[in-house]
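> Protein chains in written order, with our numbering: chain C, 1 to 753; chain W, 1 to 144.
Each hint should be verified, as a subset may be incorrect.
To be verified - From the structure, some residues in chain C lie toward chain W, with a derived Cβ separation under 8 Å:
#	residue
1	K74
2	P76
3	W96
4	A311
Claimed, not checked - The calculated PhoX-like cross-link candidates involving lysine-lysine, where the alpha carbons are at most 25 Å apart (straight line), are:
#	chain 1	residue 1	chain 2	residue 2
5	C	K308	C	K380
6	C	K98	C	K308
7	C	K74	C	K231
8	W	K42	C	K74
9	C	K740	W	K143
10	W	K143	C	K171
11	C	K377	W	K143
Keep in mind the hints are simulated off the structure, nothing from the lab. Backbone N, C-alpha and C fix where the C-beta goes; we use that ideal spot for every residue, glycine too.
So the chains spell out like this:
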Amino acid sequence: MGHTRLRGFFMVSMLLLAIVTAMFVSAAFSLGPASMARGRKLSQQQAAERAMRTGLDYAIARIRATPGGLWRAKDPYSVLTDGLVVTEGEGQVVGWVKDGAHWARFRFNFNRQDGSGGLDGLDDAATAPDAAVGVCVNNLVSNIDLPVFPQGQGPTATARFRLAPHTMLLKVEGCCGSVPMSNGAPSRFSGTPTRVASESILGLDLGRGVSVDSVASAAGDLSFTVGQSGKVRFDSQGAGGARLRTKTGLSVLDSQGVGAALESPQGEIRTSNNGNQVGTTQVASQIRREQENAGDSFYRISKVSAPKLEAGAISLAGGVYEVDLDGQQQIVVRHFEMSYQDYKTAKLAGSLPAGTVVNLPSSIETTVNSNGLVEVKFTKDTTLDSASSVTDFAVVPSKGAFQEGETPVGGALPVPVGTYLVQLANQIHSDFDAVLGDNIAGATNFSTSAGLAALLNASEGPSGSVTTPGGMVLTYQDSGTTIVSTQNWNSSWDGLGSQSPYGNGQYQFGSLELAQFFWTRATTPEVAAALASYMGPPPAGFGEGSPPDPEAAEGASDSSKGLAVKDLKIKLSSQAISGDVNIVTTINEEGVTLRFPGNVVLAGRLDGQGGAVVADGNISLLGNGVDLKAGQTSNKLNLYSAGNIVIDGFAFDDSSSVYNNVNLEGVAYAWGGLTVNVGKLGSKLDWGNFTLRGAMVAFGGDPEQEAGSTDSSSIQIVARDADLLFDGAYLLNLQDSPVKPNSSFVVRAYQQY
Amino acid sequence: MPTNSTEKGYTLAEVLLAIFFAIVIFLTLVGLGLTTLAGGQKTSDLSLAQSAAHELLESAIYEASDLPGSAFWLSTSDSNPYSLSQVASGRQAYTVALYLSDATDPGTPTLKRCRIRLSWWGGESDRAGYGQLHTEAVRYVSKP
Chain C
1 MGHTRLRGFF MVSMLLLAIV TAMFVSAAFS LGPASMARGR KLSQQQAAER
51 AMRTGLDYAI ARIRATPGGL WRAKDPYSVL TDGLVVTEGE GQVVGWVKDG
101 AHWARFRFNF NRQDGSGGLD GLDDAATAPD AAVGVCVNNL VSNIDLPVFP
151 QGQGPTATAR FRLAPHTMLL KVEGCCGSVP MSNGAPSRFS GTPTRVASES
201 ILGLDLGRGV SVDSVASAAG DLSFTVGQSG KVRFDSQGAG GARLRTKTGL
251 SVLDSQGVGA ALESPQGEIR TSNNGNQVGT TQVASQIRRE QENAGDSFYR
301 ISKVSAPKLE AGAISLAGGV YEVDLDGQQQ IVVRHFEMSY QDYKTAKLAG
351 SLPAGTVVNL PSSIETTVNS NGLVEVKFTK DTTLDSASSV TDFAVVPSKG
401 AFQEGETPVG GALPVPVGTY LVQLANQIHS DFDAVLGDNI AGATNFSTSA
451 GLAALLNASE GPSGSVTTPG GMVLTYQDSG TTIVSTQNWN SSWDGLGSQS
501 PYGNGQYQFG SLELAQFFWT RATTPEVAAA LASYMGPPPA GFGEGSPPDP
551 EAAEGASDSS KGLAVKDLKI KLSSQAISGD VNIVTTINEE GVTLRFPGNV
601 VLAGRLDGQG GAVVADGNIS LLGNGVDLKA GQTSNKLNLY SAGNIVIDGF
651 AFDDSSSVYN NVNLEGVAYA WGGLTVNVGK LGSKLDWGNF TLRGAMVAFG
701 GDPEQEAGST DSSSIQIVAR DADLLFDGAY LLNLQDSPVK PNSSFVVRAY
751 QQY
Chain W
1 MPTNSTEKGY TLAEVLLAIF FAIVIFLTLV GLGLTTLAGG QKTSDLSLAQ
51 SAAHELLESA IYEASDLPGS AFWLSTSDSN PYSLSQVASG RQAYTVALYL
101 SDATDPGTPT LKRCRIRLSW WGGESDRAGY GQLHTEAVRY VSKP
């Protein structure tokens, strides 16, 4: 009985042992494959992630290799190397990577399938991209931000966010799994692959030659002179760009030399000294201040990027084309085969030859409207005739186009000494104005300029009192640097006119009296030397006899004859006009470009949608204001000069001369300096306003040179008010692409899912 | 002292047969156990190697990304390793070889192929019971 129980116990024990052993073995068999599966899954996930990152780097490599950087996989291209097979086209990219034992795939897509062109600039793909991949956006070369819409939604949807300029949205999918091989490379996965995806925003590294957007960029000073109570405002259309940049200093002064307001709702100024090189400018508190470093790049627009001449461009002989109306109100154009400077000198001296009457080509239409306004309209791109002996090109009215202060022979001040006397009086007044404004009467103990101090010192010693024949008394001390008091400074004097900004000629009485006093001392060597230092050498006869009491300066006396700048309009437009002036028969949206190898001078009101002026020399727009709008679909540049750009709103018309407003939409780009005069210090005329929508650049050298700005070309603007609005749309595809083969990218945002 | 029991014991043949079966079963279980252990070891080594390869490759690329002129970007051989090193992961020691070569496509002149190979136990391709004793990871990267 005992043996039987023992056997039973033994048998049960053995059965239990067998069961336990079997459990362990089966558990091992069960867990082993699961562990292997986990390992395989992890391995595939890592391979998919590497493929995704390979896709990111592939995109960067392709962008770097594409001139201009605007790569969107538009055209068919394939890469077939050992272990990397990529096909691209119609905006889609599919790449296979041999990764150890795996084949992994990356995919991305630029095609929104939004029809021909559209936001993506691509035609619809024959095979619609997989919606799960998403849509990439290349905004690297643009200066404007772009909306990014939710997956599968179009422009009517609310944008997820706006993609900043010089950035790129990349959505890349990476997959890894089992693949059937065909011709040495896989084409699909068998089964469901392991998938990872990422969305990243890459930005061009700003340290590698990318320009920080700016409405005004100057290699030298950026200076504004505004009218009394005038101000400078700057802003931006869209994100970024509400910025002023100068390698040196920025100043906003009023006509008295006092710091004036600089305003912007979201602006930034970049100068040396961390944005603090602003003198006495009243910079609004919300404006950010940043450092502008010497090596920071401005927009680079090379000559080849400037608007080019289209087929069918006409050529003209160089020189000056003077437009006039004859007695029958017929337009007469005289050609002077000389540089504009020679023409101007001869015109000022009254020694201009007769010129040659010419018939302009039919593509340059000349019309007279009922108000007597003459329009010269360029309907085709125009350039220089290669046989021409001069490279300048100028269109001016017959009265000429002079800047304020230039007086053709025949003016009311034929005697140079009189001119010098008035200029001296104006300078004295300007110096007083700079300190006191128009509040000279009754002012005591104020400082004056070094030049005037030297004159007083040379005339009457380091301190003393000056009494003029008209009764003005000025007391000074400290070697003339401190005016202690004035009496009768504002006495009535009917010699000068009543034009603004002074409002009343009597304000200049004291300055003229003082100038006349210096006349009486001018024959002494000390005073003559001080005068020479202050105003330049006085002309012969200055100081001899009694000082004259001149009338106000007048323009050319011959005001009844000839065409003035206010009567001339120069238009750049390819819109054809029928026989009736006001009927537009055909509209061609292409802008008209004037491109010349020398200086270009256009005097008269210049306007035209899509028009552009390109010169290897200087560009001068004189006289009657500018209303030039860059095209939205064609030329995005208004003015491009390999020299300097001068826009002068002074419309010379004898005693009716005025300053006109200057409105510019587009880009004004100069290798050298950029000057806008819609007013002049000391002028008695009303100043005009200056508005800019787009950007302006005084690059300070050849933008094709890698070194960038090499001189200190400045931007100088004189206007009652200046309003600058940055609009990157005008720079779109215009500036030399910032994307280079060695461009560096920084990750602005990244998410993996 | 003799007994009167009529029960008989196991015969020698029965005992030997039982021992034989016991040994067979024991050896089978041991074999299964060893095979399972080896499979686990192989899985473990491979998984660790693959993860290490991924991390080391990404790390090497990341460290070189800010050094445009470094030797990393100048290396152009897919047969001679740019670097050789040893790394331990878990209980296994791995030999790490990094190969850097150009993608050699005109459309992607800045694209570089980075291949990392981790091997252990001599890196045999087909060791009995273990199979492949190395793993690789490949990534293409655009030169800075």
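> C/K740 and W/K143 were given as a pair; does the straight-line alpha-carbon distance stay at or below 25 Å?
holds, 13 Å
> Take a quick look at whether C/K377 and W/K143 sit within 25 Å of each other, Cα to Cα.
violated, 53 Å
> For W/K42 and C/K74, compute the direct alpha-carbon distance and say whether it is at most 25 Å.
Outside the cut-off at roughly 47 Å; violated.
> Given the hint that C/K98 pairs with C/K308, test it: the Cα-Cα distance must not exceed 25 Å.
violated, 47 Å
> Can we keep the C/A311 interface hint, with Cβ of chain W closer than 8 Å?
Violated - the Cβ of C/A311 stays beyond 8 Å from chain W, reaching only about 32 Å at its closest.
> Given the hinted pair C/K74 and C/K231, is their Cα-Cα distance within 25 Å?
With a Cα-Cα distance of about 48 Å, the restraint between C/K74 and C/K231 is violated, given a limit of 25 Å.
> Are the Cα positions of W/K143 and C/K171 separated by 25 Å at most?
Within the cut-off at roughly 20 Å; holds.
> Does the interface hint hold: is C/K74 within less than 8 Å of chain W, judged Cβ to Cβ?
violated, 13 Å
> Does the structure keep C/K308 and C/K380 at a Cα separation of 25 Å or less?
Between C/K308 and C/K380 the Cα gap is close to 12 Å, so the pair holds against 25 Å.
> Does the closest beta carbon of chain W sit nearer than 8 Å to the beta carbon of C/P76?
Violated: closest Cβ of chain W sits about 11 Å from C/P76, beyond 8 Å.
> Does the closest beta carbon of chain W sit nearer than 8 Å to the beta carbon of C/W96?
C/W96 check fails; min Cβ-Cβ to chain W is 11 Å, beyond 8 Å.
The structure fails to meet hints 1, 2, 3, 4, 6, 7, 8, 11 from the earlier list, while all remaining hints are met.
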